[in-house]
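Asks: One letter stands for each residue in the lines below.
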Amino acid sequence: MNNAAYIQLFKLAGPEMLIALAALAVLLVDLTLMRGAPVRARRVIAVLLTGVGGFAAALYLLQVPLRAVSWGGLWAVDPLTQLVKLGLVGLAVLTAVLSLEADYTDHVGEHFALLLLATVGLMVMAGAADLVLVFLGLELTGLSLYPLVALNKAGPRATEAALKYFFFGALAAAVTLFGFSFLYGLSGTTNLAGIAAALRGRGFDPLLALAVVFSLVGFGFKVAAVPFHLWAPDAYQGAPTPVAAFIASGSKLAGFFLLGRFVALALPESGDAGRAALFTPGWVPAVAVLALASMVLGNLAALAQRDLKRLLAYSAIAHAGYLLLAVLALNGAANRPAALAALVYYAGTYALAGLGAFAVAGHVERHAGAAALNHLTGLGRRAPWLAAGLAVFLLSLAGLPPLAGFPAKFYVFAAALNTPHAGAVSLGLVVVALLLSPVGFYYYLRVLKLAFVTESEKRPAGPDAPGNSPQGGENRFGVETAVALLAAAGVLGLGLFPQWLLGPLQAAVREAGG
Amino acid sequence: MLPWTLYLSLLGALAVLAWPRRWAGEARWVALAFALAGGVCGVAGGQAYRPGAELLTLVRVPWIPALGVEYFLAVDGLNLPLVWLTGLAAVAGILFSWNVTEHPRAFFALYLALIGGVYGVFLSFDLFLLFFFYEVAIIPKYFLIARWGSTRREYGAMKLALYSFAGSALVFLGLLALYVNAAADPGAAPLDLAALARQPRDPTFQRWVFPLFFVGFGVLAGLWPLHTWAPTGHVAAPTAASMLLAGVVMKLGAYGALRAGVALFPAGVTAWQDVFLGLAVAGILLGGLVALVQKDFKFVIGYSSVSHMGFVLLGLVTLNPLGLGGAVLQMVSHGLIAGLLFAVVGRMVYDRAHTRELDELAGLRLARRLPFAAGTFVLAGMASMGLPGFSGFVAELSVLVGAWEARPAAAVITGAGIVVGAAYIGRALQKAFATEPPAETTATEEPEKLEPITLPERLGALLLLAATVGLGLFPGVVMDYILPGARSVLAPLRAGGI
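Order-wise, the sequence lines are chains D and X. Under the working numbering, the first residue of the first sequence carries the number 1, and numbering increases by one thereafter. Under the working numbering, the first residue of the second sequence carries the number 515, and numbering increases by one thereafter.
Please note: incorrect hints may appear among the correct ones.
Said to hold, decoys possible - Which residues of chain D face chain X? A few of them, derived with a C-beta cut under 10 Å, are:
1. L395
2. L400
3. F406
4. P438
5. R446
6. K449
7. F497
8. L505
Stated by the list, open to error - The following residues of chain X were derived to be distant from chain D, with all beta-carbon distances above 10 Å:
9. L525
10. F646
11. P885
12. P922
13. L964
14. P1006
To be verified - Quick partial rundown of chain X residues pointing at chain D, CB under 7 Å, derived from the structure:
15. R661
16. A683
17. L687
18. V694
19. D788
By construction, these hints were calculated from the structure, which means they are not laboratory data. Even for Gly, the Cβ is constructed at its ideal location relative to N, Cα and C.
Based on the sequences and whatever the hints tell you, model everything.
Replies: Rendered as structure tokens:
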């Protein structure tokens, strides 16, 4: 490889480089300059550095438009990937701000550096155009997130959560790699577009079906789709809340974007001959089953939850099911741009609402010891802004206007109904999704009922009880409130004016699709 | 000017929220000012529309071009009277909430947000926008009932919210199907209601999609047997909220069923006519019979709403202009009358006597102690029975004649329903107001003085009474708007172009 190629690489991977530099800077500054400083000051400095890195990367993404250039076929840079990376950087910065209150650890430098490295991994996932790089992105993200989950060393749940997350992740990675090897064996290339070209028109092939199903395991794990979801409730509950917020938002957005691109780029479409057409490429039935199982199990299991973070985990599983409908809609070239735009819009708005909801959960957890649902009682009076934010996030997740979840749902379902060659399957899945939506509405509304309606008649005694916490002053305007309000403004704005995001998104998809 | 009904209500909600906490008690004046201003805008703005004219576009700008959705507000003969009704009901509801002291700012903000959603539904001519406002209204309803309600309020509120949302899910499916179907034809705005109503659509498609819209919206209009949220919700709600629920919100469902169901799917209505005629008649008759045996005064009114909304649904599927026009007039009329009845029961009687059990009320000699309440209830009851001179008479008669043209049997059974309606109002009137307690108790104790009926209550009651009597004597005031609108809705069917 000559010098020109390296310069090209630096140009294309500029944002990732900036974030990685920020990670190193955070680590270095924390270990040298800030040594011995109070933990809080170290966190402030780390957040500032993260913010600077994120800002620089965002500026680069906005100001240096590189279009459809590919570095040796490994790396795709087009307006769509840039837009998604912008979203990921934004989510990472919000997570870093939330981590200002991460008083469970004194490994400040490691904390923020790992967060930034995970962001780099997510950005690599978003830009990968080659199986090797896809795997690299998945692993970089995973290996940065496992220790982040375990960072709260004092919490017994955190260790369990991290172990569970790690074991499931490692297993999923192994199976995915196995699937990738089949894909390589079948097509003779690791380039996504090359795979699609080699596989096109092969007809039904059991080996291909096996390869696809194995490959999907890793993605299914990343996006917490049933039956690869088992880690999610424990990890969400046990992980420090900012980390859980990042897993629920950034990891989800990048995971779904990667899955969408993988399906759209590497896997062949259904042929148009007869009933078996759906099965020829192998992935349509697999994704349909994942979608159905995720929607049903996520929604029903969420009903039984008594902890806000677990409830959000199961609702995340249900939403993964809805998002898989958009993935399904990628089958068919005519429908592809709309389906991809719908997927990114839904995943993006979901990520914003999910992050906000975790910010509120983090606040409750800090003041009451745990994010149990009954600790939310009276939140509307104790912390009105935060509670209002929670209402915005949960109602958006339920898909109510005027919030972003409503147009997102409409767009995804409309794209799913437009899927060619899978009309009955998609229609069935959309019907199931809509039949389950009152269930989702019920458990979200139950949370809001606790926050706004139920009167806390008697305050339980003890230091863990809400309102009696040693920190006191719960209505103090903390970082959680700030992040929640920012996210709520975004969710409301994108609900009232979906065009703000949908317009650029559709333009980017058009240009990228070229 | 008409769009300002919507904007003023939403601005009012924000203004009440931003109102200083120190003067929270005076927030009701702010709310009243905004509701009045909205109502005035509705009436004044309506003057621009001549009865029988074509659709009058108020605002039409692209909203979500990516989805082909427009921000499209317009009026025709069918929604204008409902806009007027909303203005009246909004003002009257605030007058009857004058005594809300618990978190008044939040109460009035939610109330005005609900009103805004209602105006939005009535004025929208893009189906996506209509559905948007329709769902916006769910959350204020829930919190108004769950926070400020009475009997089993959390249960009633949750039931109402879930029923509404489940109905919405059906509508959502229909909306998606229509969107995908209409987007297949090249067109700028696939969900423009006016354009959709003109396009011919495949009859098989219509047969599948029409029931989604009719049942989905019908849930909120008290379509039997999905009406059970209505009595519990109405009873649990605070007075103003039950006035709004019965007065306007149920009309949202009926209006949606008309605008997105009957108007868009003529072949679908024809196919399903007998089923929905049957359900509407069942609602009228069974709602009335159940109202006849209730022990709680408010439940009587709650079930009577189901019965009267049955007339609306019946009129919608008669498929003739008189029946359809009668249905819209019945929406207006029932909006006024139900508001009045709930005001008497919830505010005038319950807030003072602290009971709604008819048997307990019988011992209180309310007719003597609250003569104004008794008088109002007598007049409202007469209107509810459908006596001539009140709006209910014209509306229910039109629906009956329309039903007779469609299916004489339906009209005959509905006639029995009217008799039942007279019976349950009579029974409630007799028990609550006209019963003298047994002689021994009257002799021993002089009952404590009840708080007299306040000025806002009198004003609110007179406002609604005047409107219902006015409509009864001069139905042409709104019928001139409604009938041409109904004819144009049915035009594709009459032309055979289904």
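Asks: Honestly, which of those hints from before does the structure not fit?
Replies: Violated hints (numbers, rising): 10, 19; every other hint is consistent with the structure.
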